[in-house]
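In terms of UniProt numbering, the sequence shown is numbered consecutively and its last residue is 156.
Mixed in with the good hints there might be a few duds.
[Claimed, not checked] Distance windows between CB atoms, simulated: (1) T118 to I155: 41 to 51 angstroms; (2) T136 to T26: 18 to 28 angstroms; (3) I120 to D37: 39 to 49 angstroms; (4) D115 to D55: 28 to 38 angstroms; (5) D52 to G117: 33 to 43 angstroms.
[What the hints assert, rightly or not] Below 20 angstroms or equal to it, Euclidean Cα-Cα: the simulated EDC-like pairs (lysine to aspartate or glutamate) are: (6) K45 to E59; (7) K91 to D108; (8) K53 to D37; (9) K95 to D55; (10) K91 to D55; (11) K45 to D100; (12) K95 to D115; (13) K23 to E50; (14) K149 to D30; (15) K95 to E59; (16) K45 to D115; (17) K91 to E50; (18) K156 to D100; (19) K45 to E79; (20) K149 to E103; (21) K91 to D30; (22) K44 to D30; (23) K78 to D37; (24) K66 to E103; (25) K139 to D115; (26) K56 to E103; (27) K45 to D30; (28) K53 to D108; (29) K89 to E50; (30) K66 to E79; (31) K78 to E59; (32) K66 to D30; (33) K66 to D100; (34) K139 to D108; (35) K56 to D115; (36) K129 to D148; (37) K91 to D52; (38) K129 to D30; (39) K110 to D52; (40) K44 to E103.
It should be emphasised that the hints constitute simulated quantities derived from the structure, not laboratory data. The C-beta atom is built at its ideal place from N, Cα and C for all residues, glycine as well.
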Amino acid sequence: MKKVIFLFFLVLLACNFDKKCNKSLTLNSDIYIYGWDKNYFIAKKAIIYEYDKTDKENEINSYLLKNIVLPDTLKNRKELYLRTSGIFKTKNNYKLIINDSLEFKISDFKISNIDRGTAITVQKYCVVKNYRVNNTLIKQNNNHLQFDKSLGRIIK
1 MKKVIFLFFL
11 VLLACNFDKK
21 CNKSLTLNSD
31 IYIYGWDKNY
41 FIAKKAIIYE
51 YDKTDKENEI
61 NSYLLKNIVL
71 PDTLKNRKEL
81 YLRTSGIFKT
91 KNNYKLIIND
101 SLEFKISDFK
111 ISNIDRGTAI
121 TVQKYCVVKN
131 YRVNNTLIKQ
141 NNNHLQFDKS
151 LGRIIK
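Work the whole structure out from these sequences, hints included.
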């Protein structure tokens, strides 16, 4: 029995868990906009426009976000939460427009590997290293898009 357990751990440790990051990653993430309190306008409509990185004029697709969680319903009452699940691909650029009056241009995604330890070995994961919101660099090491409301550009 000890030999079987030893062989099991030997095989498990010999496995290669390295994950190579491609040039593009589909983010299964949501958007958190900080600094959005109940005194700011209520977000009723949010649209995401998708653009190719090389062609910033012609949109590829647009998405009407139906899941907007207002600050009153969250633990952190100073953030707006937009559920996007699978819309963002790091190979494209995006424009988020809230209530036809506030614009966030989300672009220049950079992805990288990070190591996370498990009980037995270290695994590599692909995460967003940084991106830009209206030309402001946002650095992070996860796959959630988080930025401050003050980065938005008023369009109306």
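Checked hints:
no.	hint	in the structure
1	T118 to I155: 41 to 51 angstroms	holds, 46 angstroms
2	T136 to T26: 18 to 28 angstroms	holds, 24 angstroms
3	I120 to D37: 39 to 49 angstroms	holds, 45 angstroms
4	D115 to D55: 28 to 38 angstroms	holds, 36 angstroms
5	D52 to G117: 33 to 43 angstroms	holds, 38 angstroms
6	K45 to E59	holds, 19 angstroms
7	K91 to D108	holds, 8 angstroms
8	K53 to D37	violated, 33 angstroms
9	K95 to D55	holds, 13 angstroms
10	K91 to D55	holds, 12 angstroms
11	K45 to D100	holds, 8 angstroms
12	K95 to D115	violated, 31 angstroms
13	K23 to E50	holds, 17 angstroms
14	K149 to D30	holds, 15 angstroms
15	K95 to E59	holds, 10 angstroms
16	K45 to D115	violated, 38 angstroms
17	K91 to E50	holds, 10 angstroms
18	K156 to D100	holds, 7 angstroms
19	K45 to E79	holds, 16 angstroms
20	K149 to E103	holds, 10 angstroms
21	K91 to D30	holds, 17 angstroms
22	K44 to D30	holds, 17 angstroms
23	K78 to D37	holds, 5 angstroms
24	K66 to E103	holds, 17 angstroms
25	K139 to D115	holds, 17 angstroms
26	K56 to E103	holds, 15 angstroms
27	K45 to D30	holds, 16 angstroms
28	K53 to D108	holds, 8 angstroms
29	K89 to E50	holds, 9 angstroms
30	K66 to E79	holds, 17 angstroms
31	K78 to E59	violated, 31 angstroms
32	K66 to D30	holds, 13 angstroms
33	K66 to D100	holds, 15 angstroms
34	K139 to D108	holds, 12 angstroms
35	K56 to D115	violated, 34 angstroms
36	K129 to D148	holds, 17 angstroms
37	K91 to D52	holds, 8 angstroms
38	K129 to D30	holds, 16 angstroms
39	K110 to D52	holds, 15 angstroms
40	K44 to E103	holds, 14 angstroms
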